Amino acid sequence: MTTIEKLTRKDFMSDQEVRWCPGCGDYSILAAVQLLLPELNAEKHNTVFISGIGCAARFPYYMNTYGVHSIHGRAPAVASGLAITRPDLDVWVIGGDGDMLSIGGNHLIHALRRNINMVVVMFNNQIYGLTKGQYSPTSEVGKVTKSSPFGSADQPFNPISLAIGAEATFVARTHDMDRAHMQFVLKKAHEHKGASFVEIYQNCNVFNDGAFESITGKENRQDKLLILQDGEPILFGKDNAYGIAPDPSGGIRIVEVAKEGMEHVLVHDAKKKDPSLAFALSRLGISNEEPRPIGIFRDIEREDYGTSLLTQQQNVLQKQGKGALDKLFRSQSTWVVEE
Amino acid sequence: MTLEADKAKINLDSLVIRFAGDSGDGMQVTGDRFTAGSAILGNDVATFPNYPAEIRAPAGTIAGVSAFQVQIADHDIYTPGDFPTVLVAMNPAALKANIADLPPGGVVICNSDAFDQRSLEKAGYAANPLEDGSLDIYKLYGVPITSLTLEACKGIGAKPRDAERSKNFFALGLVSWLYDRPYQPTLDFIRMRYAKNSQVVEANTLAFNAGRYFGETAEVFESSYTVPASKLPPGEYTNITGNTALSWGLIAAARQASLPMFLGSYPITPASDILHELSKHKAFDVTTFQAEDEIAAVCSALGAAFGGAIGVTTTSGPGIDLKSETVGLAVSLELPLVIIDIQRGGPSTGLPTKTEQSDLLHVMFGRHGEAPVPIVAAATPAHCFEAATEAVRIALTYRTPVYLLSDGYLANGAEPFRIPAEAELPEIKVEFATKANKVLPDGREVFWPYLRDEKTLARPWALPGTKGLEHRIGGIEKADGSGNISYDPLNHELMVQVRQAKVEGISKDLPDLEVDDPDQANVLVMGWGSTYGTIVASVNNLRQSGYSIARAHLMYLNPFPRNLADVLSKYDKVLIPEMNSGQLAFLIRSKFLKNVTQLNKIQGVPFKTSEIEAALITMATESK
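As given, the protein sequences belong to chains A and B, one line each in that order.
Going by the working numbering, the first residue of the first sequence is number 1, and it counts up by one from there.
Going by the working numbering, the first residue of the second sequence is number 1, and it counts up by one from there.
No lab work stands behind these hints, which were simulated from the structure alone.
On a predicted model such as this, the values are computed, not experimentally measured, just so you know.
Some hints here could point you the wrong way.
[Unchecked claim] Here are the simulated BS3-like pairs of lysine-lysine, each with C-alpha atoms no more than 30 Å apart in a straight line:
| id | chain 1 | residue 1 | chain 2 | residue 2 |
| --- | --- | --- | --- | --- |
| 1 | B | Lys-231 | A | Lys-327 |
| 2 | A | Lys-44 | B | Lys-231 |
| 3 | A | Lys-10 | B | Lys-467 |
| 4 | B | Lys-280 | A | Lys-193 |
Start from the sequences, fold in the hints, and give me the full structure.
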């Protein structure tokens with residue numbers, strides 16, 4: 001009989017000194033993941049973290065698992081090759097908003113639509129940190145940075161809307177100030193078969209300090225953070241006084257529960273095939289008056305890419321048997337030249 | 001060409017036939033079938049498809065002409081022939097685009113139905129060349145191919161527009177009769193290829209037979225010709241294109257190494273056929289992944305290599321540009337990876353369907369930092385097989401990315417491939433790391449991913465899933481041995497030197513460059529890649545005329561074979577013919593301080609033997 005040794009956070013910590021800036025939100029994400037993996041019964045040798053370039057991309061060096069620190073933007077592509085050929089592994093992709101949405105935007109959307117079995121964790125700090133403070137594809141319009149002294153003219157991406165639009169089967173958001181919520185979301189993402197996309201609001205205290213303070217700050221959470229819970233009415237605010245209801249225009253609207261009645265409040269259903277509600281929820285909070293939802297927007301079942309390929313291969317093997325070179329070489333007409 | 005008169009048939013020792021028509025006329029299929037029929041007869045064959053980049057350029061224009069040239073012979077041949085001896089032209093544009101290549105006395109078979117006023121104007125003819133005497137120096141046959149095809153298919157109820165599509169098979173039937181090719185393989189091919197549409201099978205069969213019978217009965221042709229079988233070395237053969245040979249080579253190498261293969265690829269001319277071929281072979285544990293772009297193609301292959309597969313990516317020049325950063329990462333990660341470049345004319349989009357050897361310096365130097373990558377080049381379509389197995393062997397043995405160079409000429413050209421016995425395939429052994437390889441001063445046993453094999457300097461390949469060997473690798477400079485991030489100046493210098501030494505050390509494992517020099521010549525002609533056939537044919541011709549010429553061909557371009565300096569020092573004069581502006585010549589000069597003579601052709605078409613012969617005659621005459 002083999003006894004399964006219960007691992008701890010320490011088992012998942014590598015011997016490398018963590019070198020993020022003191023006070024960086026990355027520390028709390030790293031701790032959350034290192035603490036979570038033993039809970040998931042993850043095995044070090046079957047776990048791989050793959051990253052691109054950026055502050056977040058240093059993550060694999062700090063995990064005592066297998067890891068690849070690749071090149072800027074390409075982590076989802078590197079991870080795709082690994083996840084497809086090695087379905088036995090737990091593949092995690094770590095990156096920032098610049099890495100995943102700017103230089104690597106193409107790979108992210110294609111990995112999501114193909115539903116390749118991996119967890120994609122995007123640390124969103126709305127700034128380029130490693131290059132010392134330029135606006136990123138999630139920075140707000142008008143953002144003054146080193147490369148935009150007169151304010152950024154770029155319309156930012158909404159990462160959740162983008163992931164839903166890219167046919168992602170699991171889309172969630174959490175933030176670095178709430179370890180329990182981070183772990184809840186990451187656990188669900190890990191359970192999901194296929195590509196899981198998790199956006200984590202992460203504070204860069206050097207180049208974009210307090211970017212999410214108005215939402216995730218302790219005194220603001222009650223009014224500005226809407227926590228999505230599957231199967232529960234979508235409520236927020238003090239005493240859950242407000243809710244989300246369907247709007248006759250086709251979208252959603254914020255209602256006072258006391259006025260409109262609980263029966264009008266939408267019940268969250270992440271498993272809905274139709275992505276309309278998830279998409280509508282992803283648009284909430286673009287204006288500062290509205291609350292910003294966190295939690296799981298979408299969690300649907302669709303066969304993952306690796307499994308589809310494996311099925312194809314098994315069908316071929318069943319029909320043709322294992323490939324034989326001498327047959328392959330004679331698959332076209334041949335002739336013999338005698339001595 | 002020599003003719004042996006025979007009552008019924010005239011024996012030819014070789015025949016070069018070019019089929020030319022509109023790009024929608026099916027000339028590639030026609031040429032391909034003629035080749036297949038000849039190969040079955042035991043002729044040596046070599047082909048050169050030449051088609052426009054546009055899928056359907058305006059019909060009837062010169063831009064839309066598609067051609068397929070094949071040489072068949074009763075002896076070993078090395079090229080598809082400099083000039084056609086027979087031209088089949090399906091319309092005026094095809095005639096106009098190709099007639100200049102036909103030597104006087106050559107045979108021209110034209111579809112006379114296509115020579116109407118409008119088509120003549122489109123091709124830029126003021127008068128009908130079939131009638132104005134301008135083709136008098138040729139043996140001209142005007143055959144109403146379109147109307148005869150329509151007539152043949154009348155009974156099956158096909159619309160005339162559909163029936164007309166079979167006219168290429170009429171032409172094929174006609175030349176099959178004229179040059180005594182077997183009919184049955186083509187009839188079988190028609191039945192299988194078009195099995196989904198019985199009307200098409202019927203129309204093509206009727207047209208093909210009508211072409212044969214026309215030749216037999218119309219008495220237009222004075223006699224028919226035949227090319228006897230050639231004397232290839234004994235063995236079983238199949239006719240194969242470079243891209244197919246390359247695909248099979250990869251499959252064979254993966255089988256020899258007992259590893260799965262992963263191909264990450266993005267469609268690009270002229271490399272896509274490798275993706276098509278490999279995607280059929282799931283039964284060989286081959287996974288093909290059509291990626292979102294060239295970068296994802298190579299990155300996914302590298303990711304698969306990290307997991308223990310043979311990672312392969314296929315592309316052409318523009319794709320190499322995009323993959324370069326990832327190839328640099330592979331140099332740093334020291335993982336096996338095979339990057340296949342089917343070269344085409346550049347720069348930029350350049351000439352997508354034309355051949356060139358212009359990426360040599362790109363794959364040699366085209367990465368930032370100092371990132372050495374071994375380079376292997378295929379010499380002939382069938383040789384693509386061996387080049388592919390070699391590229392895989394080097395990548396696996398030395399844990400390095402390897403560039404495999406082919407080009408458009410090899411990719412689409414075909415020749416007989418002697419089917420190897422399994423025992424003839426190279427031995428490819430891979431050992432994965434299974435346990436700790438380093439004892440630390442405190443007695444702990446750990447795994448160091450950059451602790452190298454002393455002989456090969458390869459680092460251990462530890463696959464995810466192996467207990468106790470968890471490690472992190474990345475593009476940041478690593479400490480020698482432990483592989484941890486290191487910004488130490490001396491360590492960086494050491495790592496740059498070690499990576500270089502590893503690649504240079506591969507030469508210990510490579511065969512010496514063979515020189516074909518039966519009579520101690522002063523002049524050496526040395527090539528690489530697809531110029532092989534033309535160089536061999538040129539040298540053989542010159543030796544028959546009494547010249548002494550030595551010949552060598554480089555398959556390994558980085559590192560070079562160990563004896564290359566010696567070889568170069570033995571010859572007063574060295575000619576390097578290349579389909580570029582002198583890239584190998586540049587490498588040879590800078591590495592060996594040897595002045596070499598360049599012969600360059602950058603026209604998107606291969607050298608003719610006459611061009612290489614002329615250059616060699618000048619050099620040989622001067623050195624007497």
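Quiz item: Holds or violated: Lys-280 of chain B with Lys-193 of chain A, Cα cutoff 30 Å?
Solution: 27 Å, holds
Practice problem: Mind checking the alpha carbons of Lys-10 of chain A and Lys-467 of chain B for me, to see if they're no more than 30 Å apart? | Solution: 17 Å, holds
Quiz item: Taking 30 Å as the top limit, are the C-alpha atoms of Lys-231 of chain B and Lys-327 of chain A close enough?
Solution: OK: Lys-231 of chain B and Lys-327 of chain A at ~25 Å, within 30 Å.
Practice problem: For the pair supplied as a hint, Lys-44 of chain A and Lys-231 of chain B, confirm whether the alpha-carbon distance does not exceed 30 Å. | Solution: 61 Å, violated
The structure shown violates just one earlier hint, number 2.
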